[in-house]
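Chains as they are written, first to last, in our numbering: chain G, 557 to 1080; chain Y, 31 to 351.
Incorrect hints may have been included.
[As the list claims (entries may be wrong)] Computed, partial: chain G to chain Y, Cβ under 7 Å:
id	residue
1	624
2	625
3	628
4	646
5	665
6	667
7	714
8	716
9	718
10	909
[What the hints assert, rightly or not] No more than 30 Å apart at the CA atoms, straight line, and that leaves these computed lysine-lysine pairs for DSSO-like:
id	chain 1	residue 1	chain 2	residue 2
11	G	764	G	1007
12	Y	251	G	686
13	G	565	Y	251
[Stated by the list, open to error] Calculated from the model, a selection of chain Y residues having no Cβ within reach of chain G, i.e. all distances over 12 Å:
id	residue
14	73
15	83
16	136
17	177
FYI, nobody ran anything at the bench for these hints, they're computed from the structure. Yeah, the Cβ is synthetic: ideal placement off N, Cα and C, and Gly gets one too.
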Amino acid sequence: MPRHTHIVKVHHLSLAFPTRHDPNPEPVLKDIDFGIRDGEILGLIGNSGSGKTMTAMAIAGLLPEGAVITEGSIKFAGEDLTAMKPRRRRQMLGSNIGVIFQEPSTALDPLMKIGTNLDEILLTHGMKDKAERRKRVLEMLGTCGFADPEEIYSRYPHQLSGGQRQRVLIAGAALLEPRLLICDEPTSSLDTVTTIQILNLLKEICHKMHMTVLFISHDLSAVRNFCDRVMVMRGGEIVDRDTTQEMLLHPRSGYTAELLTNARLDTRMLGLERATVDYSASPVLVARDITARYDNSSSNVLKGASLEIYPREMLGLIGSSGCGKTTLVKTLLGLMPHGGSITCSDKQTGAVFQDPVSCLNPAHTIEWHLLEPLRAAGIKLTKEERRKRVASALQDVGMSPEYLSRKPRQLSGGQRQRIAIAMSLILEPSLIVADEPFSSLDSSSASEILKLLTDINRERGTSFLLITHNIHIVRQICPRVIVMDKGSVCEEGLTSEVLSDPKSDAARKLLHAESVLHGENYSE
Amino acid sequence: MSLNTRQNLKYAGLKFIELIATLFVVSFLTFAAFSIIPGDTAQIMLGPNASPEQVARLRTELGLDQPLPVRYITWVAGAFTGNLGDSSSFKVPVISLIAQRLPVTLGMSILALIMVIAVSYPLSVFSARRPGRIGDTICSILGHVLFAIPPFVLSLLLIVLASGVLHIFTMGKYAPPEKGFGNYIASLALPAFAIALPKIAMTFKFMRSAIIEQNASEYVKTERSHGLSEARIFLRHVLPNSNVSSITIITLVLSDILGGSLIVEQVFNLPGLGRLLLTAIDRRDFPLMSGMIFYLALITVILYFVSDILASIADPRIRLK
């Protein structure tokens, strides 16, 4: 095969979803023109809906039904992909082009053992010898960082963690050593420590197998850490392209600069002010030696976690996935049976969760949602009082009363999160537990919600337990932080001390991951 | 023994314990219900003109003068060994009455189940492969119509069509299996079809949406990216995953079929368990009633047990729950 400087050449590509009623709709991709150089790692960034995934799927040949390439061509190693017969095109997948998707939890057939699943790829691509296939799969699992490939071979997907599943998916995509690997948001559902591991693995494999990578992400830190060159997409067009260094240091387009600022979630720019905390006052919540386990498991998820939260405090809680953060939240909110003691000065504890979409009932209006906590608490109010209360709750989260009659689907993600916060505020609790309240929001909504939470904390004196994987936020707004590892609190103290001089392994690991990802050392 | 096999056996064991426990609850409730209902079996058997001495003698014979717990234990022991006493109206053992009628109901139900699977499966695969196309739309509308018609109305329509217009069926003519298997099946085919039609519609609807849902799932995208052919993805991934939910649906359909057959037998004038049960109720035949209810419950509970085991074989995630 002749060497090409560009392994993929996308030539003035336009793509649309024509229908019978609208044969010439607004294109989803407009005149995209770029090349991927042999051996490089090309990053593709942009907000959701910018056309990143569509571009990648056009190259892979996995476009959703109804998508039509209206203009242009895609060449892979000199061959025109758009003119290729479907059968040949399909054979390219797996052997020449590998793809890794975003959501490792659902990307594997739940009924099939890992080994069988990977074996099928080799079988499809014509490897007849069973023993040889098995050997190759085990070898690949080993390469992907599994210490015991035999063990993984006979496991089902549900028996693996998110990071392990992503490794399996990488193994599947790289099994036939394709020349191009397309990674569509491969790390966005993983925690920071796992993200680093996965990125390192990708780097290593690409180097070893001489693979070219198209890396799609909205996570700029992952891009910074991984890519040689970056392209920025917006509204179906490529608006900026440069080497990673140049792009991040000297963005040429205003849009790129905006994207960079938002991604940093820079709290200094938001003008956040902390409430002053009196640590001699009696805590609003004291939890001692909390233990908890799930029905189907034989070991405890929480192994004696203890913490206290003081009035007006914004307490940060960090730890990698699986350390028991969310289980702890459940026990504190009384949603789960537990051992140990929890004493709370207030009957009501508010809660805000990660995903504002599934927290709201699509059948009911915003007003109904805001009244729900009152109904649950058995508080009887007159019609007039009720109206006043919901209107002021809405105002507290910066929304006008006209939203009262709307349904959740008519709101944006950020607005839904505001409603969730208003619901937790309506009973005026002295403590609100916020479990990853920013992670499902895009960066500009996330910074607004962050500002809202600090305002509530300062103006109302409400205490917060803020669970987040974003150490940067903790550094900015939490005076005190606790670190969890393997079901208990392994370190706690003033944020400035814990983050500059971590004592525990878990905290050191988290900080290391954070600094690698962001490419800067935060100890100011 | 591997971890997965161990989990399988553990799950099956737990389910079996559950089965036994359920059977005891069912037996207790059945017995309790018939102990509370007013009416004395001995009195009913002897008629209104019997003397109190005669009634008392029969009560001793039937064991009705024993205390309730003793009667319960005797009854349960009988139920599990197939000895449920004599029917008070037919004067023959309950178990032989049930055995005599069972081929009608069981044959009809099995036939109906085969029809449901044989028709709804291919149809749902055909429909779900091309949702929204003309074939799918016709199947779906037909499904809605059949789903909405009550079985007894459907039965009447079929009778009019098959015996009145086409002359291929004779009402109330039942051929027992010992007089030729072909005739036996032929005599049950139409009533089985009447039961099956709405269930075909139901199973079709569920299977179709299960396949469509699986088709849209993330792992299908992964398999496509591995270069697998659409046929292979469908047979090896989409279909097995759809089957997980279809096992539950088929179980529900089967217990529905058993219930529906009781009505359809009546319309088609067939000597099955449904008619026996109605006769038993009509004549206040308590031993027969309690025996039949217990055995119907037994069949249902075993059905659910088998379905649970099948589901756990089809889906490894279930064993862990």
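*Out of the numbered hints, which ones does the structure contradict?*
Numbers 1, 2, 3, 8, 9, 10, 11, in rising order.
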